[in-house]
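**Q** Protein chains in written order, with full-length UniProt numbering: chain A, 1 to 427; chain B, 1 to 841.
Hints were generated in silico from the structure; no laboratory data involved. Please note that a few of the clues may not be correct.
Stretches of chain B that chain A covers, calculated by requiring three or more beta carbons in the stretch to come under 8 Å of a beta carbon on chain A [said to hold, decoys possible]:
{"hint": "1", "segment": "39–53"}
{"hint": "2", "segment": "77–84"}
{"hint": "3", "segment": "155–164"}
{"hint": "4", "segment": "274–280"}
{"hint": "5", "segment": "319–332"}
{"hint": "6", "segment": "346–356"}
{"hint": "7", "segment": "580–592"}
Residues from chain A that keep clear of chain B, each with C-beta distances beyond 12 Å, as calculated [what the hints assert, rightly or not]:
{"hint": "8", "residue": "K27"}
{"hint": "9", "residue": "G87"}
{"hint": "10", "residue": "E175"}
{"hint": "11", "residue": "S259"}
{"hint": "12", "residue": "D263"}
{"hint": "13", "residue": "P288"}
{"hint": "14", "residue": "K303"}
{"hint": "15", "residue": "P315"}
{"hint": "16", "residue": "K348"}
{"hint": "17", "residue": "E359"}
{"hint": "18", "residue": "V396"}
All residues carry an ideal CB built from backbone N, CA and C; glycine is no exception.
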Amino acid sequence: MCGSFSFATDRAEVPKGSTETFFRKVKFWKEDGNAEAPPIFNVDGVNYFHVKVVGLYFVATTRVNVSPSLVLELLQRIARVIKDYLGVLNEDSFRKNFVLVYELLDEVIDFGYVQTTSTEVLKSYVFNEPILIAPARLQPIDPAAIFTQGAKRMPGTAVTKSVLANDPGGRRREEIFVDIIEKISVTFSSNGYILTSEIDGTIQMKSYLSGNPEICLALNEDLNIGRGGGVSVYDYRSSSGSGVILDDCNFHESVQLDSFDTDRTLSLVPPDGEFPVMNYRMTQEFRPPFHVNTLIEEAGRLKAEVIIKIRAEFPSDIIANTIAVQMPLPNYTSRASFELEHDAVGQKTDFKETSKMLEWSLKKASLEFSSNITKEAGPVSMTFTIPMYNVSKLQVKYLQIAKKSSSYNPYRWVRYVTQANSYVART
Amino acid sequence: MAPPAASQRYPSPSQPSGKSEVTDLKSQLRQLAGSRAPGVDDSKRDLFKKVISYMTIGIDVSSVFGEMVMCSATSDIVLKKMCYLYVGNYAKGNPDLSLLTINFLQRDCKDQDPMIRGLALRSLCSLRVPNLVEYLVGPLGSGLKDNNSYVRTIAVTGVLKLYHISASTCIDADFPATLKSLMLHDSDAQVVANCLSALQEIWSLEVSHSEEACREKESLLSKPVIYYFLNRIKEFNEWAQCLILELAVKYVPSDSNDIFDIMNLLEDRLQHANGAVVLATVKVFLQLTLSMTDVHQQVYERIKSPLLTLVSSGSPEQSYAILSHLHLLVVRAPFIFASDYKHFYCQYNEPSYVKKLKLEMLTAIANESNTYEIVTELCEYAANVDIAIARESIRAVGKIALQQYDVNAIVDRLLQFLEMEKDYVTAETLVLVKDLLRKYPQWSHDCISVVGGISSKNIQEPKAKSALIWMLGEYAQDMSDAPYVLENLIENWEEEHSAEVRLHLLTAAMKCFFKRPPETQRALGIALAAGMADFHQDVHDRALFYYRVLQYDVHVAERVVSPSKQAVSVFADTQSSEIKDRIFDEFNSLSVIYQKPSYMFTDKEHRGPFEFSDEVGNIPITPEASGDIVPAQQFEANDKDLLLSTDEKDDNKGVSITGSAYTAPSYDNSNISSQMQELAISGSATSAATPQSSFDFDDIFGLGLSTAPARTPSPPLLKLNPRAALDPGAFQQKWRQLPISLTQECSVNPQGIAALTVPQSLIKHMQSHSIHCIASGGQSPNFKFFFFAQKESEPSSNYLTECVINSSSAKAQIKVKADEQSTSQAFATVFETALSEFGMP
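Input sequences plus hints: build the corresponding full structure.
**A** This is the structure in structure tokens:
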């Protein structure tokens, strides 16, 4: 939550006090049994749009019957631009840099019309320098904490550098980050079969390269797009087949697809700041990183035993971190006790009395463990992050940067991460 | 530069209270103003920042205005920008300051640095001081010709700002023409895009007073202009692309080649990562192919995948916007999405607004091939921790059951819900089982045995309780303890807060009585006595009515209260197809999110640019104008039944069918009659109240009779056909063909305005004058109606009327078109008389 920064970038058609109206509505939303306010609602003819990014609300209002996607995309983009400039997005960085934020917004929107949201283009119009928050003042963010904030899109991993920032030496460090982020959703049936599985992936790029060199990104050669889209050529392939088959994908506007069909390379001149090069979706069968098995047994009239078995299905040199398992228990549960395997280290179990939620968190997981808990209950859900591992097998084969000189050799970071989106085992 | 809105917050004690700090700042600024020392700009920046931060937290810093302007005579652009922000905030309210500001900004508009020229121009146009508009024309004119594109983009938007401050100044300076030529010739894409948005706005607003604007507006939609934009769409940024695509939606293609050309041009826009671009493209595709059924269907197939990708790649908020559109498409063409049902399964961590949409989509696409899987999935959600979603899931299962032919498995699942013993699950399920039984009476045996096992004590929700009571009454012969359960409930009459439940208790007691008189007689007696003493008017009336009809003749009572029923074949849809079409036409707008057409939630001026809603082709069609010529009243009645979702309606429906099909246990009639007498005796406690009530009743009746003739209008000169009929299509055609024969303005009396909270009230009233409504719409204060009437003697002579009522000015504008023009004045008189009586007692 945060105090409000309001910008009258629009056309004064919305009444004063709309900020208060918004917060009151969002906080006490109770309509049609839903506790959560939808991102768009109408109060007295004024439409309120909001997106929530790392705990901050970005809100827009209008009376016009506009395209909802346009406004929500715009808010999301504004959040990203501000992050690009401030390095870190939080209440503190906002406070310190409000003049810069005004300046940005002024150039992004004029009289209600979007002018540009390109971090790159904005650079030539924006003159305030960001007041950076000293790294020491940043809360030590557990890498996984970023991933598990509930927002589906991950903020750009560990990069918290402003696009305007220079290194202490005054020189910009030439580097480029390419992150392949996959969020996986799996539902296991009560007997351990996979009911549904989907991968939502993003190739995200953040470039600090000067002079806008052209970049070539080569993906798997055996990459196929369009499954179930009418072309049934690939349907006979089994999942163990070598090809990576995406259901569908879309691209950032800077991407040139001229040679994509022939050799699966994307070429682009990366604009400054963080942006998704490509989003993709895949429902081809894949091996889920964890297999979850749950067994509930009545152990007496007022007692039950839950056995949760989780088996990691990835090579032992890969380490998943911050794994948490949650399971809601019935309202009348009064007590829960836990039994972990003898050699379990760094594991924590907890029964949240108020929310009737069973929690089990593991720092690291590489092999099998199981636990016995008392009393029946709802689906087991899991959250985890597995760095340097991706389930889809989509790869960046190489990352080529058009050379300016022989000594030009910027840092390139290609990183993979797999993250649970909705990872559920039914009981 | 746009000013920050002054925050409402009051400074807390720890914050500077203002006065002394401001004085302090003032003297510091004054010192720096003249200084040329190195590093002075840095100290100025710090001071400026302080001023602005005070301004944002609501401290009045207008007293340093002069110093700020003086300090800004510098080449430091950061200082300039902060100064513009500051002056923009204070100049508006203060005429002296604004003049000072304008001078300062005009000077900067001629600066060497294009950044400063642009910023100054933007600040100048944002001042919004009406009496100083003449100072804007010069800088704007040179801004439009500036060789720097940044300045031009700002100047173009500046023209639009000027138009909103003073339209005549803008038109007189011939700015729209300049914009048009810039739009077609400028090399910078953003300048072009801003021209397009400015011109769309200006011409849309000018249309009402100028023929030329109308032509210009049309010309934006001409083939060369559309292709000019579409061919270079990739040069524009994503936001401008949306603007262009919105324009293309309005374009009327000349032939099918034209359509395919456009679609091929835009094909790759569907792969864009920006959902707004994709949706705008989808809209173009859908609108273009409306008349080509097979291609239209291919479009659905084509857009499915990109939309699903967007749903899973964005933030939950973005997903929601896309999913709402998918929802619309799914409901329109469920068969196309039938095999994609797994995409609409809920994920446990999704917000409930997303889950709700998904549940509706799953309900819509369930068909023979996927129902089993979908229902299995929905049953999982019924145990969900999120109770609202659990309820929705159960309702979804019920809806699927009601729309399927093969319901065996579903009924079993529903009955299993009852065994879960969760209050809300039981409650929702009971309501569904009741609806199912109304549609599939053949399932009564299975259901009743399970329902019979439910203790009424565990059910608190009125809807569920009513459902259970309805089943107890309806299936009294199959449930051994029905009379006793009812009796139990009736004994607790006083504690029953819901009138709906009490009404159901009365009816159920009656039904049960006909089937099992000896066992129910006592309960019915108590129920009728309690009902007649009830403070709730409906409960009281129903009890009295039952009592009387029983007294009159038990067999008649039975035929009235418990006739044999026909199974309900289709439950009415809540939204008419016209409304759905209207929402579809407004694809990619908030109408889709709210699932309402725009006229229901926004006033006319805000429906977005390019709204042609005045032509009759776009009559805002409301539910009462559905398909055939349903009189508004009747439709409303249907609607009400639907909303109540209770069963009084079909309880009474069978009346005319006959009582012979009735298959109750064969108690002989004398038996019932004797029970009746006992009942009358046992009900003696109530008899004291009865004469009193019957007196009231007669009184009301008498009153009604005496006033009725007075209310009918004095015979008008022109006799209209009270049962005139005209279908909306014919109406539209006639409206287009006939010239306006009469235009008139009249006032509506205050009582009428008071009664006009909803359009329906007027529609009913006019109907009593034989003037029928074909369509209506709008919201307070603006209502629009289309009426028609027919001469009684000649059915071919029609009168069509458009009536626009503004309830705040209490004025009505009437346009009459008539087959027989000579009589239109006579008709207008009739119309006006009818209107003037609206709201009169």
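**Q** Against this structure, judge whether each hint is valid.
**A** Against the structure, the hints:
1. For the segment 39–53 of chain B, the stated coverage by chain A holds: 3 residues have a C-beta nearer than 8 Å to a C-beta of that chain, and at least 3 were required.
2. Counting residues of the segment 77–84 of chain B whose beta carbon lies closer than 8 Å to any beta carbon of chain A gives 4, which reaches the threshold of three, so the coverage claim holds.
3. As drawn, the segment 155–164 of chain B meets chain A at 4 residues by the rule of a beta-carbon pair under 8 Å; at three or more, the given contact holds.
4. For the segment 274–280 of chain B, the stated coverage by chain A is satisfied: 6 residues place a CB nearer than 8 Å to a CB of that chain, which reaches the threshold of 3.
5. Under the rule that three or more residues need a Cβ within less than 8 Å of chain A, the assignment of the segment 319–332 of chain B holds, with 6 such residues.
6. Look at the segment 346–356 of chain B against chain A: 8 of its residues bring a Cβ nearer than 8 Å to a Cβ of that chain, three or more, so the hint holds.
7. By the rule of at least three residues with a Cβ nearer than 8 Å to a Cβ of chain A, the coverage given for the segment 580–592 of chain B holds, with 6 such residues.
8. With a least CB separation of 16 Å from chain B, K27/A remains clear of the 12 Å interface cut-off, as annotated.
9. No Cβ of chain B comes within 12 Å of the Cβ of G87/A; the nearest lies about 19 Å off, and the non-interface call holds.
10. Distance check on E175/A: its Cβ is at least 23 Å (rounded) from any Cβ of chain B, clearing the 12 Å threshold; non-interface status holds.
11. The beta carbon of S259/A sits about 15 Å from the closest Cβ of chain B, which is more than 12 Å, so the claim that it is off the interface holds.
12. No beta-carbon of chain B is positioned within 12 Å of the beta-carbon of D263/A; the least distance is around 18 Å.
13. Look at P288/A: its CB is around 15 Å from the nearest CB on chain B, clear of 12 Å, so calling it non-interface holds up.
14. In this structure K303/A is separated from chain B by more than 12 Å, as the shortest Cβ-Cβ distance comes to about 19 Å.
15. Its beta-carbon lying about 27 Å from the closest one in chain B, P315/A satisfies the requirement of being farther than 12 Å from that chain.
16. Here K348/A stays apart from chain B, with its beta-carbon at least about 21 Å from theirs, past the 12 Å limit.
17. Listed as a non-interface residue, E359/A keeps its Cβ farther than 12 Å from every Cβ of chain B; the least gap is roughly 14 Å.
18. The claim that V396/A is not at the interface with chain B holds, since no C-beta of that chain comes within 12 Å of its own (minimum 18 Å).
In terms of the numbered hints stated before, the structure departs from none.
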